[in-house]
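So the protein sequences, as listed, match chains Z and W.
Going by full-length UniProt numbering, the residue at position 196 of the first sequence is 196; the numbering climbs one at a time, nothing skipped.
Going by full-length UniProt numbering, the residue at position 15 of the second sequence is 15; the numbering climbs one at a time, nothing skipped.
Honestly, the hints are just simulated from the structure, not real lab data.
For glycine and all other residues, C-beta sits at the position ideal for the given N, C-alpha and C.
Possibly wrong hints are sitting among the right ones.
Taking lysine-lysine pairs in the DSS-like style, the calculated list, with each CA pair at most 27 Å apart, reads [unchecked claim]: (1) W/Lys243 <-> Z/Lys122; (2) W/Lys235 <-> Z/Lys125; (3) Z/Lys245 <-> Z/Lys265.
Now the in silico label distances, taken between C-beta atoms and shown as ranges [claimed, not checked]: (4) Z/Val268 <-> W/Val167: 23 to 33 Å; (5) Z/Asn3 <-> W/Lys176: 30 to 40 Å; (6) W/Phe53 <-> Z/Ala138: 31 to 41 Å; (7) W/Gly189 <-> Z/Asn139: 54 to 64 Å; (8) Z/Asn139 <-> W/Phe29: 50 to 60 Å; (9) W/Ile251 <-> Z/Gln117: 50 to 60 Å.
Stretches of chain Z that chain W covers, calculated by requiring three or more beta carbons in the stretch to come under 8 Å of a beta carbon on chain W [stated by the list, open to error]: (10) 123-130; (11) 235-244.
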Amino acid sequence: MQNVIEISDLSFRYPQQTDDLFAHIDLTVGKGEWVALIGHNGSGKSTIARLIDGLLVPNKGTIKVCGLQVNEKNVWQVRKKVGMVFQNPDNQFVGANVEEDVAFGLENQGIARSQMQLRVKKALKKVSMWEFAKHEPANLSGGQKQRVALAGIIAMKPEILILDEATSMLDPEGKKDVIQIIQELNQQENFTVISITHDIDEAALAGRVVVLNDGKILQDATPKKVFSRGEKLLSVGLDVPFSEKLKTALKKEGIQVPENYLTKKGMVDWLCQYVSKK
Amino acid sequence: MNKIILGRYIPGKSFLHRLDPRSKLVLSFLFILIIFFANNWRTYILLGIFTFFCILLSKISLGFFLKGVRPLIWLILFTVVLQIFFTRGGPTYWQFGPLSITHFGLVNGGYVFCRFVLIIFMSTLLTLTTSPLEIADALENLMLPLKKFKVPVYEISLMISIALRFVPTLMDETEKIMNAQRARGVNFGEGGLIKQLKAIVPLLIPLFVGAFNRAEDLATAMEARGYRGGEGRTKYRFHAWHKNDTLSCIIFGLLAAILLFLRSW
Chain Z
1 MQNVIEISDL SFRYPQQTDD LFAHIDLTVG KGEWVALIGH NGSGKSTIAR
51 LIDGLLVPNK GTIKVCGLQV NEKNVWQVRK KVGMVFQNPD NQFVGANVEE
101 DVAFGLENQG IARSQMQLRV KKALKKVSMW EFAKHEPANL SGGQKQRVAL
151 AGIIAMKPEI LILDEATSML DPEGKKDVIQ IIQELNQQEN FTVISITHDI
201 DEAALAGRVV VLNDGKILQD ATPKKVFSRG EKLLSVGLDV PFSEKLKTAL
251 KKEGIQVPEN YLTKKGMVDW LCQYVSKK
Chain W
1 MNKIILGRYI PGKSFLHRLD PRSKLVLSFL FILIIFFANN WRTYILLGIF
51 TFFCILLSKI SLGFFLKGVR PLIWLILFTV VLQIFFTRGG PTYWQFGPLS
101 ITHFGLVNGG YVFCRFVLII FMSTLLTLTT SPLEIADALE NLMLPLKKFK
151 VPVYEISLMI SIALRFVPTL MDETEKIMNA QRARGVNFGE GGLIKQLKAI
201 VPLLIPLFVG AFNRAEDLAT AMEARGYRGG EGRTKYRFHA WHKNDTLSCI
251 IFGLLAAILL FLRSW
């Protein structure tokens, strides 16, 4: 598997800080992977995303995106390859209406108008927002705005999609929609996805979970491995998925539960087996 | 806020709605200019008929235009009354000290009234049939020659369109902050002047801070999507000059010619 992001020996601190936010971090992400970056507030998740996109400059270390080193010379090349969706749906809506917002990134790349129209339509259809093309942001829900933000990125055809807590301000319904679109993009179109999230159930969908704690990578493994730490995750300020919580509750009732992590479906299967055995 | 009709846009599909915003903007400006050339009843009747014809063409009910005049009616009446009382000439009908009502005064008062109403009707017609963004586009287009004089036309137009896009968002936020502060016991619009001004502070400061945070988020998002200034950008929004635009220019030219003819006749 080809590496699309290579971070080596990365250190960073904000100018007003005295301590490094993180030091000597190494991380590589392969093409087509879906990596969830989790950690408590202030653990530097969003900062890593901004460093990858060249919005911030590291104090030490190098970042390579698709073989290009992120520096002043390459930064615009890098930004063509990386698409970012941010947390607040309202504050990243640039255009006056939906289709113009989707076209904004394409305008910046100087793409011809006829080509733009095609791409905007395709991207909006992908997130099923085409019938809203002429709507103004004030008339859209948060989930719809976030879908438009995604369409704006899809239209630019990046290779890497970074979601910086993109679902955190949405209701459960909007969250489900956005996550489903991301899943499709990752599986069908081979987008590399890096999702930064506090939502443990969202992280459980990723192929790989990276846990950040106090400026270090605590664990970098499959969701199965990470979540089988169960209770220990709580000590670094993180939550556990619902199936883990259920297991803990059952354990308290004196029921023998399997030690390894189970997905929701796995948990249902195990419960069925357990009940029928009785 | 809903009372203000000036600057509101009513979506529609009439002849005027479909005109190119550039021609609309320039023509309404020129119309206001030629109103000042009118100097007798014939010319004012001509302009009045033309304005009425335009209003019919826009398919917007006359009520909206009358509402547009309403907030300015006192200013208009004040000016008209001053004209009537202080213009001398022709037969005098009534006199008291420096005040007098003369034939000239009455005629001039009538002209001033017509001028005001026509100007307001025309500018209301422009804003009712043209969305704010179209006006911004038209301004950008018309400002393009200024680029030679190093005026940052693209930046100004981006600023205008972002400002317009955030108007409803910021209005919502203002409403939210006001309600939040009310819930905590701030009384808006009550008490003396000083007290009222003091009540605005807990509204203004959070609004400013919010706007700064928004600006920062927006700038980051724009940069992440590859925005690097106006140069080398293409435009998604596009306005084409149609036959109808040429037609309206010709009609306007005719109107101006007839007006100039009637003026000296």
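Structure versus earlier hints - violations, ascending order: 1, 4, 5, 7, 8, 9, 10, 11
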